[in-house]
Amino acid sequence: MTIPDTHVASRHNHPATTYRYDQFDHAFVRERVAEFREQVARRLSGALTEDEFRPFRLMNGLYLQLHAYMLRVAIPYGTLTADQMRRLAEIADRWDKGYGHFTTRQNLQYNWPKLIDTPDILEALADVEMHAIQTSGNCIRNVTADHFAGVAADEIEDPRPTAEFLRQWSSAHPEFSFLPRKFKIAITGATLDRAAILAHDIGLRLVKNDTGDIGYCVTVGGGLGRSPFIGKVICEYVPRASLLAYLEAIMRVYNRYGRRDNKYKARIKILVHEKGIETIRAAVEKEFAAMDQTAFLQDPQEFDRVAASFAPPPYETLPAKSLQLAKDRQEIPAFDHFVSVNVSPHKTAGYAIVTVSLKPISGIPGDATSHQMRVLADASERFGFGELRVSHEQNIILPHVKQDDLFALWQMLDAADLATANAGLVSDIISCPGLDYCSLATARSIPIAQAISQRFSDMARQRRIGKLGIKISGCINACGHHHIGAIGVLGLEKKGQESYQITLGGDPGFSASIGEILGPGVSADQVPDVIEHLVDFYLAERHETEAFIDTWRRLGHARFKDVLRREGEDGADI
Amino acid sequence: MLKHPQILLASNLKDGEVMFLGATGWERDYRLARVAHTAQEAKALEEIGQKDYAANEVVDVYLTDVALTATGAPAPLHYREKMRIKGPSVRLDLGKQASGA
Amino acid sequence: MALISNGQFVSDSWRRLADEEALPQSGKIIVSQERLAHALAAHGAHSDIGVIIHNTTEIDTLAPVLPQLGLIAISFPAFADGRGFSLARLIRRAGFSGELRASGRLLADQYAHALGCGFDTVEIPDDIAQRQDESQWRAASKTHQRTYQRGYVSSGSILDARRKAAQ
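For the protein sequence lines, the chains are A, B and C, in the order given. Numbering-wise, this note's numbering puts 527 at position 527 of the first sequence, and it's gapless, one number per residue. Numbering-wise, this note's numbering puts 30 at position 30 of the second sequence, and it's gapless, one number per residue. Numbering-wise, this note's numbering puts 39 at position 39 of the third sequence, and it's gapless, one number per residue.
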């Protein structure tokens, strides 16, 4: 039942720029598919009850949602090849409804798979070195990474080889597959944190010590949801060779002492909060010292093998600035805007990083049709060595585009409605699926995103406003990361109606902060009005090119609350 | 005494679709749902639901409050179940609503 | 209760002793944690004393008596409560070489985890044994023969296999 292999062969024979499975990795995912096929059969026969089946279903990424099952496919450290993207499109067409949703953890969700088809879907994923392992459940989840990894100028080292080690180390871990709760790890190797590591159970930052050796600064206990916390440093510097052992020590302490009496108090952030970071650090250090570390010592050959697969592609030697690009920008204003908003500097001369927005005006944030996925796959091969990234902001990144090619790329994207020039702007909204899809949700989130996007549909106005991160969650679980949005929106239920609480001042980077509540919840209709009032106030008060978050920090939360109070006095029921 | 009439919902184990307990079994169309007007009737629905859960046909079985429309169809009262009988409000071409629900 | 060893249902050579029952003169008996000190004192250094412990037990309390125990059973209050897997690792690390048994409502799907963490046997209630027959435990004993993780009991980690293949 697999899709013919003719689809799998790469059209352009690019060298691999990301990890490729060896025979053992292939055997591992195939075994996992066979295991799940058996588990489905045993579920249907009743050998496994639903309660027994559930953790294993979740460990293979399959949720039961509002209208159907939902399958969350892992995209390790957000990196995909063109062939993998094509396979995702094929799966969408064959077993789903022709589209997929890219998530805030760099994964892809299908909203309409059937349980009985899922083993075949997993088989089709295994064909292209993909899986849905541990994208749900009380286990270690997808390790996410900076979506500009390997190409950003501010990077000490590409975090993805480490992320690949962590992926393997955490897969089907015999000891840590039945944790108190889910466990999320993120890693960055850059000066700017584009991976929101401080909002993760374990955050890793690549650092250099005094002698220039690479190691990791490790934070623990970050997390959003019901009780948001910023991660705390547990160890400033863990040498490369000791990382897996140190993480194993953390996991053992969490597995043993994380709360199991209350689902909402079971994350490691609660353990850190209740016991204190000093106690947790002492417990981890004690475990670390007692372990047999020889089993974990980083094998240098293995590290080289893995790191080699992330080696930079064969870039051409180009001038730093493309004359062709300058010319194209002058001639076509729409293209010029796209470059100024969606294109970021590359560490290699003559290249650029392109953010492809999956947030068309009034569209569904993060969704892509199978046609769009194919266009992206083709674009990555024509213009980027066949590699793509998924950002936690629910956009697609083309990380290796020649500046000379930007115009041709833009035309290709534009034809597929993939050229919205709004990366990082007010309509580049991060939103969970919310009550339109998710059984955990308390309110809808997508229509709120659409309404805000529509209100700010004037692109010139968006550019004038500048960088402004709006993040929307349809429930307290905060999958839309609203706590770390400069403007956050949380959908709740109030007196049998959907009600939206707005927060300000969240920040996902190294200067992480959790948003503060603006006031009582407002109705869906009022949300775009409130956002517009806040934005207008910001525009009136900002100093030069100060970003929204900085104006908020400078003026203080109370000034922004006053804005709405004034509006309330004018008669609007806020 | 039931505060509101009720119907029984569940998810089809094999394909995950929302199902409603009807007169002779599980239906995909909410308009065919059997309505309980008394606590006894609701309990009877639940018992059938539990039996079918144990028989590995459906999962996530529960009662929900409805109001009866002019045509006698049971309209769920809570907005969550209003979503479930239709589909995503942002994709009217998908879900039960696409086939006229 | 049913006992699984090497992917098969086997008869149990150990007997669980109720707290109110007197200590027998001979035979392999498993006592509760609360009764252990007394049982060891009464039987001296015989290897036929086993204990069933809570999955929250601190290894330090058990370490002194490990050499005297022929069996340690770790209780799993729920199959999704994975604390027993870590405790098993710690007990093995402390040098225990007797039978390590996982006891509770575990599923065949967890057999590989149990074996990986150092358990020898798994003890399950009869209702689970009925639904999860021997063929399922046998099949499970053959899965995850290679783990990515190093230092776990298995026929070799994937890294070991890689090194071997590279030679």
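Hint data in this document are derived by calculation from the structure and do not stem from the laboratory. There's no promise every hint is true.
As the list claims (entries may be wrong) - Heads up, simulated PhoX-like pairs for lysine-lysine below, C-alpha to C-alpha not over 25 Å straight-line:
1. A:K114 to B:K96
2. A:K494 to B:K82
3. B:K51 to B:K14
Of the numbered hints stated previously, which ones are contradicted by the structure, given in increasing order? Going through the list in order, the structure violates no hint and respects every one.
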